[in-house]
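Chemist: Protein sequence lines, in the order shown, are assigned to chains A, B, C and D.
Taking the UniProt record's numbering, I'd label the letters of the first sequence as residues 1 to 142.
Taking the UniProt record's numbering, I'd label the letters of the second sequence as residues 1 to 142.
Taking the UniProt record's numbering, I'd label the letters of the third sequence as residues 1 to 142.
Taking the UniProt record's numbering, I'd label the letters of the fourth sequence as residues 1 to 142.
For the record, the hints were derived by calculation from the structure and aren't laboratory data.
Fair warning: this is a prediction, and the values are worked out from it, not measured in the lab.
Where a beta carbon is used, it is the ideal one built from N, C-alpha and C, also for glycine.
Do not rely on the hints blindly, as some may be mistaken.
Claimed, not checked - If we take Cβ atoms under 8 Å as the criterion, some of the chain A residues that face chain C in the derived model are:
| no. | residue |
| --- | --- |
| 1 | Gly35 |
| 2 | Thr70 |
| 3 | Pro90 |
| 4 | Gly92 |
| 5 | Ala138 |
Listed below, chain by chain, are the residues.
4 protein chains.
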Amino acid sequence: MITLEIATRIANGVLAEGARRGFAPLCAVVLDAGGHILCLVRDERASIHRPQIAMAKASGCIGLGVGGRTLAGMAKERPTFIGALSDIFPNGCVAAPGGVLIRDAGGKLLGAVGVTGDQSDNDEACAKAAIERAGLIADTGD
Amino acid sequence: MITLEIATRIANGVLAEGARRGFAPLCAVVLDAGGHILCLVRDERASIHRPQIAMAKASGCIGLGVGGRTLAGMAKERPTFIGALSDIFPNGCVAAPGGVLIRDAGGKLLGAVGVTGDQSDNDEACAKAAIERAGLIADTGD
Amino acid sequence: MITLEIATRIANGVLAEGARRGFAPLCAVVLDAGGHILCLVRDERASIHRPQIAMAKASGCIGLGVGGRTLAGMAKERPTFIGALSDIFPNGCVAAPGGVLIRDAGGKLLGAVGVTGDQSDNDEACAKAAIERAGLIADTGD
Amino acid sequence: MITLEIATRIANGVLAEGARRGFAPLCAVVLDAGGHILCLVRDERASIHRPQIAMAKASGCIGLGVGGRTLAGMAKERPTFIGALSDIFPNGCVAAPGGVLIRDAGGKLLGAVGVTGDQSDNDEACAKAAIERAGLIADTGD
């Protein structure tokens with residue numbers, strides 16, 4: 001189970017990583033295994049609906065049980081399917097890198113991170129770095 | 001008319017079939033002819049939004065009166081049409097195998113099954129097996 | 001964590017208890033700790049939107065972390081507050097007995113049950129009996 | 001304008017104040033003047049839909065331009081009006097103490113805080129303490 005303390009460390013770690021790399025201002029959310037928010041942070045310079053995008057990246061991953069890169073591949077092959085998930089998942093489904101599952105060393109699903117603000121690959125790199133710095137496994141769907 | 005007893009037998013039969021074949025953890029729903037849930041079961045290892053997907057597979061089928069394989073074909077030829085159904089059907093519309101109509105020997109529509117968790121073809125195989133084991137006709141839209 | 005096996009035993013137990021007591025046809029849902037369906041059963045003679053009511057009873061309880069009887073008390077004292085929860089909780093909030101939290105012997109929250117079909121007190125009695133028969137603690141909010 | 005740094009200090013300050021006073025586990029959100037999330041934190045022991053409640057407290061305040069205590073008074077006198085706001089505000093409207101406007105020394109509106117988890121008066125006390133500790137003015141609607 002992810003505590004708020006760990007979630008905060010991950011969310012802040014995402015934004016710190018983005019700043020270090022000179023990325024655009026980011027928004028990051030950390031969800032628990034049930035898909036509920038533990039911590040959400042948005043750089044005040046990031047656009048106003050970034051929280052919705054971060055939520056839909058993380059929620060899409062945890063809702064289907066796969067990383068954002070897998071979702072992005074499915075969106076290319078089966079756009080109607082992913083479009084339908086976007087309609088029926090309670091927080092939508094943004095199928096793109098930057099949605100990353102959090103697992104423990106044994107592979108157990110603990111939660112998910114959603115990052116948005118820069119290019120998807122960059123969003124994902126920040127999520128991955130922050131999850132690993134917290135001693136957990138980042139499942140990007142790679 | 002499908003009773004809860006039959007619906008339960010079908011839903012449980014879907015998951016048992018999946019376990020027998022070594023498929024990923026499944027979620028299955030059985031709807032009556034009015035499109036309303038009689039029985040929904042989700043393996044505790046299946047991801048959290050599987051109930052929404054199972055519902056949208058079964059609801060899409062019963063909403064348009066065709067099996068999921070027919071819906072999947074329509075989604076390829078007319079993606080905008082199926083995308084619109086996804087918006088206007090109250091439980092969405094996932095156009096994929098695994099949505100299966102239940103008919104009696106005379107062809108009368110009794111309800112629908114929605115299965116998700118593994119690949120769509122595998123989901124459908126479990127639905128078909130469980131419906132037939134209950135002595136009813138599985139209309140996959142094949 | 002509640003498995004599907006336990007959830008099924010509880011959901012079926014609710015309807016069996018209702019039949020034993022001669023109650024009206026019931027609908028019962030069992031949610032996991034994240035508020036997601038494990039098992040939902042509706043007697044084919046129960047009205048069509050009972051699943052929504054069962055969900056809103058169980059979801060309201062788990063969303064706020066209290067039993068349905070507590071919610072019902074709040075609804076009397078603070079109707080606007082409970083009305084607002086009904087708008088913002090993803091599955092609504094029906095504040096009535098029949099929404100019951102499932103806890104383990106140590107008090108840890110494992111999930112929730114929602115029952116509807118007869119009078120709320122009767123719905124609750126069936127939920128309580130089925131949870132206890134499964135060796136778990138029923139927190140009705142009493 | 002409230003930066004993420006200040007928002008984080010306030011949100012964390014709310015939870016720290018709650019812990020100091022021995023309150024139930026809390027959830028706190030800080031919105032900017034446009035009503036968009038800067039920071040949301042939920043104690044992992046707080047119930048799962050607390051983020052929705054925190055949002056609806058803060059959004060209600062900023063949406064109408066008054067503190068939560070004023071909203072609570074209006075809810076008593078004009079329940080239908082507040083019920084309607086709950087329907088039409090995009091994040092709902094929970095009219096209760098714990099929704100607090102953030103102002104600067106000149107009275108300019110900078111954002112809002114929403115806190116939930118304990119009794120409303122306690123939620124509000126934590127919001128007030130954290131806003132003031134950040135050198136800003138807490139407008140509770142008192």
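Chemist: State for each hint whether it applies.
Modeler: Now the hints, each set against the structure:
Restraint check, A/Gly35 versus chain C: the minimum CB separation of about 6 Å is within 8 Å; hint holds. The criterion of a C-beta within 8 Å of any C-beta in chain C is not met by A/Thr70, whose closest approach is roughly 21 Å, and the hint is violated. Interface restraint check: A/Pro90 against chain C, minimum CB-CB distance 5 Å, threshold 8 Å, status holds. The criterion of a C-beta within 8 Å of any C-beta in chain C is not met by A/Gly92, whose closest approach is roughly 12 Å, and the hint is violated.
About 21 Å separates the beta-carbon of A/Ala138 from the nearest beta-carbon of chain C, more than 8 Å, and the hint is not met.
The structure is inconsistent with the numbered hints 2, 4 and 5, although it conforms to all the rest.
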